[in-house]
Structure formats: C-alpha cells, structure tokens
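Engineer: Sequence:
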Amino acid sequence: MKELTIGIDIGGTNTKYGIVDRDGNVVHQGSISTTQYEEFKDYFDGLAKALRVGIKGIGFEHKIIGVGVGAANGNYYKGTIERATNLKWKGIIPLADMFKEEFDIPAIVTNDANAAAVGEMVYGSAKGMKDFVVITLGTGLGSGFVCNGQLLNGKHGIAGEVGHTSVNPAGRYCNCGKRGCLETYVSATGIKRTVYKLLADHLEPSELRGISFDNLTTKMITESAVRGDVVALAAFEYTGRILGMKLAETVVHTDPEAIFLFGGLSLAGDLIFKPTIKHMEANLMPLFRGKVKVLPSGLQNQAAPILGASSLVWNYLDNKTTLKEEVY
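Letter by letter, the sequence shown follows residues 3 to 330 of our numbering.
It is worth saying that the hints were derived from the structure and are not from the lab. Bear in mind that the values here come from a model prediction, so they are computed numbers and not experimental data. Hints are not guaranteed to be accurate.
[Said to hold, decoys possible] In silico lysine-lysine, DSS-like type, Cα no more than 25 Å apart, as pairs:
1. K102 <-> K157
2. K221 <-> K194
3. K90 <-> K43
4. K80 <-> K102
[Said to hold, decoys possible] Using C-beta positions, here's what the derived DEER-type ranges look like:
5. Q152 <-> K199: 36 to 42 Å
6. K4 <-> G292: 41 to 47 Å
7. L205 <-> Q38: 41 to 47 Å
8. V232 <-> T37: 32 to 38 Å
9. I67 <-> K132: 23 to 29 Å
10. R195 <-> M3: 47 to 53 Å
11. K51 <-> D216: 30 to 36 Å
12. R211 <-> I67: 52 to 58 Å
13. Q152 <-> R54: 31 to 37 Å
14. H204 <-> T256: 36 to 42 Å
15. T256 <-> V232: 33 to 39 Å
16. E104 <-> S35: 17 to 23 Å
17. E206 <-> I67: 55 to 61 Å
18. R211 <-> K58: 48 to 54 Å
Note that CB positions come from ideal geometry on N, CA and C, so glycine has one too.
Please take these sequences and the hints and turn them into a complete structure.
Structural biologist: This is how it looks when you write it as structure tokens:
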C-alpha cells in the first residue's frame with residue numbers, strides 16, 4: 003500500500019491541490035476558485051468534495067497519511083489561518099481541526115512561504131542544506147527560514163515575515179496596515195507600482211505607457227526589459243537594489259548558506275538576480291561577503307506550491323515534530 007499526502011496551496015484567487023507520493027510525484031492535481039465562496043464553510047465543503055473525487059480516482063492501493071496546507075498567515079502551532087489580508091474570510095479559521103474532522107488525518111498548516119521552504123528542502127535545490135532562506139516573489143513577498151535543518155516558526159508560529167520589514171516608514175501603503183513594507187516594493191504588485199512611478203518621472207519613450215495598472219503584468223515588464231525599454235530596465239534595477247539591501251540585513255540574523263528566490267518575479271532571471279546580488283554584496287557586513295549564494299528555486303513549476311505544502315507532512319513525520327497540541 004503506497005503512502006500519499008495531500009498538498010494544498012490557498013491563494014488569494016485560486017486554491018491548488020494535489021496528491022503526492024514520497025518521491026514528489028503528483029498523482030492527481032486540480033484547483034478550485036478561492037474567491038467564489040462567500041462563506042468559508044462553503045469553500046471548505048467545495049475543496050473537500052474535489053479532494054474526495056481526486057482520491058477516489060487514484061488507480062492503485064494507497065493510504066492518505068496527512069494533509070499539508072500553505073496559506074497566507076497560516077499558524078503552524080494552532081493549525082489556523084489568522085486574519086489573512088489576501089482572503090475575504092476574516093478572523094481566525096480553524097482549518098486543521100476541520101480537516102481532522104472531515105478526513106480523520108493529521109493536518110499541518112503554515113504560511114505559503116514556509117511551505118515553499120520545506121518543499122525546497124525535501125524536493126528542491128536545498129537538499130542537504132541545513133541553513134537557508136526562501137523568498138517568494140508573488141503578489142506579495144513571503145519568506146521561510148530553515149535553521150540547522152528545522153523550519154523556523156517562532157513563538158507564535160509566524161516567524162520570518164521579511165516582506166513586512168520596513169523599507170520606508172512613510173512609503174507605500176501595505177495591506178497589512180503599515181506603510182513602506184518590503185513587499186510593496188519587491189513583488190509582482192510592487193514592481194508594477196514602481197513602473198508607474200518611473201513613468202511619471204521619466205520623459206523617455208516606453209512601450210509600457212498606455213497600459214493600465216490592472217492589465218500590466220510582470221511578464222510584460224520582463225519582456226519590455228529584454229527589448230531594452232528604459233523604464234522596465236530601471237524598474238528591475240530599483241527592485242533589485244531594494245531586495246539586495248534587505249537580504250544583506252536578513253543574512254546577519256541566521257547566516258544562511260543560500261537564499262532561494264521563488265515565484266513569478268524570480269522568473270525574470272538575470273534582470274532581477276544581477277542587481278539583487280550586486281546590492282546585497284555591497285551592503286553585507288564584510289564578514290559575510292562572498293559566502294551567501296542567491297539562487298533560483300529548484301521548484302519553479304506549476305506543481306511547486308502543491309509539493310511545498312505536501313512536503314510539510316513528510317518533514318513532520320521524518321522529524322517527529324511535536325506540535326503544541328500533538329497532531330491536528
């Protein structure tokens with residue numbers, strides 16, 4: 003009988019789910035809309051129904067041994083989603099308890115960047131590493147820290163929120179309620195905001211002029227930069243400078259072997275990596291210079307969020323981690 007885990011990535015727009023074996027093979031995957039459900043109970047029922055259909059369709063003898071969930075503001079200790087700014091459901095959602103009641107299997111919940119970090123360690127380019135950081139560059143900026151081979155959760159299960167460290171206390175407004183957070187500058191949304199600021203400041207021609215904010219994408223900015231668009235190139239340099247400076251600050255906290263960049267913005271390749279590495283090295287404490295690698299994630303594919311979430315279960319079982327209330 004083959005052991006399988008369920009991996010779930012709850013995004014602000016869509017929820018991706020999959021059933022994964024120990025080797026990282028996704029035997030079933032799918033998605034549902036996150037936004038179409040007004041009540042969380044209805045959303046959970048829709049997700050549970052989709053999972054049951056997927057489990058039923060597996061064509062070999064198996065046992066589902068647990069579910070891992072990555073979601074914004076996921077609390078590892080409590081198994082809850084707490085006041086996530088990118089979800090319409092407010093308050094504290096007891097997600098792990100709901101999975102335990104519905105499927106009678108342990109459920110581990112953490113934020114999406116932590117899930118990506120564990121996925122990088124179990125399935126990706128961090129295999130064999132004990133100290134590293136994963137930075138997720140999506141709609142916002144998430145971060146997951148692994149120290150001495152263990153995911154860093156902190157006292158309240160929400161450690162490592164680099165995206166909400168300050169770039170400028172009087173800077174851009176953030177959904178978290180603060181101003182000037184890193185993710186308002188370094189993320190898919192952040193670089194769009196930068197482009198519009200640069201368009202206002204520059205007089206040079208740019209193919210990005212005339213594109214509405216809602217229609218502009220990171221891919222468009224990347225393609226324009228490849229073609230030599232002055233505003234697009236300046237946007238990547240500005241974004242990389244801020245990210246590099248913040249990574250230099252991040253390094254001194256945990257002394258990582260490597261920092262992995264994951265997500266849509268990281269797919270711009272050298273456009274984002276070169277300025278980030280340049281400015282990180284320039285701002286590092288001299289003791290650390292030349293010692294910390296900045297690398298692309300080894301999980302840059304459509305199944306990456308599923309693998310990251312499912313790896314929480316394998317990692318839990320391998321390390322026999324004791325959660326605050328045992329296993330949810």
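Engineer: What are the numbers of the hints that this structure violates, sorted from low to high?
Structural biologist: The structure breaks none of the hints.
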